[in-house]
Amino acid sequence: MADYWAGRDILSTRDVPREAIEQIWHKAKKYDDAVTHKKSYDKHSGKVLASLFFEPSTRTQFSFQTAMQRLGGSIIAFSDADTTSVSKGETVYDTIRMVESCADVIVIRHSLEGAARLAADAASIPVINGGDGANQHPTQALLDTYTMFQKKGKLDGLTISMIGDLKNGRTIHSLCYALANFDCTIEMWSPPQLKLPQIILNDISEKVKVVELESLDLSNSDVVYATRIQKERFDDPEEAERYSYVIDAESVRKMKDDAIIMHPFPRVDEIATEVDSLPQAAYFAQEANGIPVRMAILDSVLG
Amino acid sequence: MADYWAGRDILSTRDVPREAIEQIWHKAKKYDDAVTHKKSYDKHSGKVLASLFFEPSTRTQFSFQTAMQRLGGSIIAFSDADTTSVSKGETVYDTIRMVESCADVIVIRHSLEGAARLAADAASIPVINGGDGANQHPTQALLDTYTMFQKKGKLDGLTISMIGDLKNGRTIHSLCYALANFDCTIEMWSPPQLKLPQIILNDISEKVKVVELESLDLSNSDVVYATRIQKERFDDPEEAERYSYVIDAESVRKMKDDAIIMHPFPRVDEIATEVDSLPQAAYFAQEANGIPVRMAILDSVLG
Amino acid sequence: MADYWAGRDILSTRDVPREAIEQIWHKAKKYDDAVTHKKSYDKHSGKVLASLFFEPSTRTQFSFQTAMQRLGGSIIAFSDADTTSVSKGETVYDTIRMVESCADVIVIRHSLEGAARLAADAASIPVINGGDGANQHPTQALLDTYTMFQKKGKLDGLTISMIGDLKNGRTIHSLCYALANFDCTIEMWSPPQLKLPQIILNDISEKVKVVELESLDLSNSDVVYATRIQKERFDDPEEAERYSYVIDAESVRKMKDDAIIMHPFPRVDEIATEVDSLPQAAYFAQEANGIPVRMAILDSVLG
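Chains as they are written, first to last, in our numbering: chain R, 1 to 303; chain X, 1001 to 1303; chain F, 2001 to 2303.
Chain R on its own, in the form it takes in the complex (with noise of 0.2 Å):
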């Protein structure tokens, strides 16, 4: 297979295939001393990345920034869409039209679904989505595959536990399409209206076996996916309150020895910081990954 990746826009994870996953992870492979040893390669040298951050993302932004630098390549960025033109009524279409012209790769960030794939369409340079609203973050799903990779050494086999919000997380909605490829088997747990939305439910189904579990049991996972509940979600604080999970020494002890814990970040209550030095605490090197795997796909969309 051919670079899959080369010069396409990076909207969703949900047709991609899995050899296109696999390619990533072993280029990921090649770059992760960008972390270890800091490393820095003169590859992209003169290339320039535009940062377009709708919503604030410090996260994001500082990792697809470092792997363009590490890359040898500049940035040009906002962080706040207050200071943009949009604010005087621009639509999007016309902003990325003036951004195609200064760069060759644009990132986006957005609280609306469906910026990402507008933004695709304005521009002619390639767009990657750095998540939209409630609907997709790829790159996380790409460097959330390959933690996975990294840490077991395959997926086919393993049982991943999805906990928490899964309705409004695009990470989770992502990561579950890039799963799909994969012969694992998925565990979900969330209060009752922050359910999977049914159509990425039966979008996956047909691909990959899919547990709801009753009760937050982690015995049987390989891998625990925590992500956040926003109290805002719900109506009634009580409610709020009874979903309220929190992953600390004690609930380890009952997990697998050798389950992983990640969590895209940021994290509030969810996993007690006596995890942290934990060998089941994946979740600093599912982090540090997003530097090589989005080097890696800096590295093939700019060909």
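Quick caveat, the hints were computed from the structure, so don't treat them as lab data. Idealized CB from N, CA, C, for every residue including glycine. It is possible that some hints are incorrect.
Claimed, not checked - Partial list, computed: chain X residues near chain R (C-beta under 7 Å):
(1) Val1035
(2) His1037
(3) Lys1038
(4) Ser1040
(5) Thr1058
(6) Arg1059
(7) Gln1065
(8) Thr1066
(9) Glu1287
(10) Ala1288
Said to hold, decoys possible - Pairs of lysine to any residue, SDA-like flavour, derived with a Cα cap of 25 Å:
(11) Lys152(R) with Val210(R)
(12) Lys231(R) with Thr2091(F)
(13) Lys1088(X) with Glu2239(F)
(14) Lys2047(F) with Gly72(R)
(15) Lys39(R) with Gly1072(X)
(16) Lys1088(X) with Arg2170(F)
(17) Lys1231(X) with Leu158(R)
(18) Lys1039(X) with Val210(R)
(19) Lys29(R) with Lys2047(F)
(20) Lys27(R) with Lys2047(F)
(21) Lys1043(X) with His2037(F)
(22) Lys2047(F) with Ser45(R)
(23) Lys1152(X) with Lys1256(X)
(24) Lys2256(F) with Asp2276(F)
(25) Lys1039(X) with Lys152(R)
(26) Lys47(R) with Tyr1041(X)
Chain R is already provided as a structure; the job is to place chains X and F on it using the hints.
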């Protein structure tokens, strides 16, 4: 003529001679491939541009930052005066004295007329006016005239129609002074309270033919230069309505076949999106010309 | 003495030995041409500085960013905590763990005392305190002492008068500890409620001669170090008025001929602009020294 721009502040187009404008065009032409082939040059590596946007403008900021990076240079920037010491009562003079020790060249955007002049008086390094209140936006005029030169081959003999808010439009003011160097005709149409300031009209009328249009008749135009009319400029909303205009496919049919349509952006409703795909639409090309023109400007100023 | 600073966090000047301060001076001297000739060095190309300004400060931020870029390195930055995950409830610890995978070195400015220490405990890469609340601003003290060394040849034997808000001024606190290494006299003048904290006074009095001035008599000073008194520090506006001071040409005439005047900026009214052109005014040179000193610091820390 030696390079007119070397080491010079660029505050206004008022006294800029024709040859200096043509120098920028000819240099910009060599940098067109920075847009068409996203080419970068390792010409000013190690140089620093200070991008001081006291008033937000992603478009001008991105254009300057891209130009500097395509030349191999780097950037220090702010895009929000609230995060600067100006909000603690510091003078622009003190801010500029600080910046001049950091950078090789400054671009400043400010809501107050004359701010760029103040900055230039304080700084021992070149200062470029990126727009000061309703006064001037000289680099916009350079890219505007470059676009006319690129699309029409020459400016002499052209009829250029400026429409919209001619009073507060700093791009209009700078363009008027630039065009006064050429043997062209300037047609003007605006609401009565948004006419070109008399002082500018007097200045340019000595050098160039100016015609005030009774109605929005663009049938003689070689270049239609449209600008936005902000509703807030009118006391009476009905009057705002009366003077709002839209250039659509129908309006274009009434223009000369080889007329071009320009706009300094952002647009809101002045030009219908159906016009975007017509051959007369030159505004996206115009916008993209910001990069080679600003590369030419930075290259000249840095010497 | 080997390079004291290699790989080290810079959180405070409290326990920094004299030799370490002198090491920075001597290295900074070699980088003076980064200001005088805007010279850049290709020494740390590929290295990334994370510039984390939870509290805005264009001056310190520009100075660090310029220093890093003049050394060939690049930057990831935020200048407004509201756009970070901290606003979603993330801890500084989690933010720093994220940043450490991106960058080679961190500079942090925060409104809370001790924030830099927290960051250093979380990070495996060097952390530089760019100012934490009313606590410390150690790189400012390094550039301040470098300026005294540059202008007066040595610090031993000097009488240095610190005036203004000595309680809340973190630059004052850092400078006091740095000066305690030298054989100099520190004169102090401040409103009664804005005196130097007793704990700092105790610490430095063991090592250096401290004199509290009854009135603002600067006739013995070799170095006048002026700081701003914020009106908000007083309950009574009349009292604020009583303790406000202005150094003007008249005050300078009463100083020693070869005295120098310093200020950490921003200034509001403490030093009249008529003083700017007098030979005693060292504050613009002091400010510009931020660049070679921070180049020396980054160069030493990066090793």
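Within a Cα-Cα threshold of 25 Å, do Lys47(R) and Tyr1041(X) meet the stated pairing? Distance ~11 Å between Lys47(R) and Tyr1041(X) Cα, so the pair holds.
A closest beta-carbon separation below 7 Å is what the hint needs, so does Gln1065(X) meet it against chain R? 5 Å, holds
Taking 25 Å as the top limit, are the C-alpha atoms of Lys1152(X) and Lys1256(X) close enough? Given that 25 Å is the threshold and the Cα spacing comes to 13 Å, the pair holds.
Restraint check, 7 Å cut-off on beta carbons, for His1037(X) near chain R: 10 Å, violated
Take a quick look at whether Lys1039(X) and Val210(R) sit within 25 Å of each other, Cα to Cα. 49 Å, violated
Take the shortest C-beta to C-beta distance between Thr1058(X) and chain R; is it under 7 Å? Holds, because the Cβ-Cβ distance from Thr1058(X) to chain R comes to roughly 4 Å (cut-off 7 Å).
For Lys1088(X) and Glu2239(F), compute the direct alpha-carbon distance and say whether it is at most 25 Å. Cα-Cα ~21 Å, so holds.
Is the hinted pair Lys29(R) and Lys2047(F) satisfied, with a Cα-Cα distance of at most 25 Å? Holds, at about 20 Å.
Val1035(X) as an interface hint toward chain R, with CB separation required under 7 Å: 5 Å, holds
Do the alpha carbons of Lys27(R) and Lys2047(F) lie within 25 Å of each other, as the hint requires? 22 Å, holds
Measure nothing beyond the straight line between the CA atoms of Lys1231(X) and Leu158(R); if it is 25 Å or shorter, mark the hint as holding. Not OK: Lys1231(X) and Leu158(R) at ~60 Å, beyond 25 Å, violated.
Does the structure keep Lys2256(F) and Asp2276(F) at a Cα separation of 25 Å or less? Holds. Lys2256(F) to Asp2276(F) sits at ~17 Å (cutoff 25 Å).
The earlier numbered hints that this structure contradicts are 2, 17, 18 and 25.
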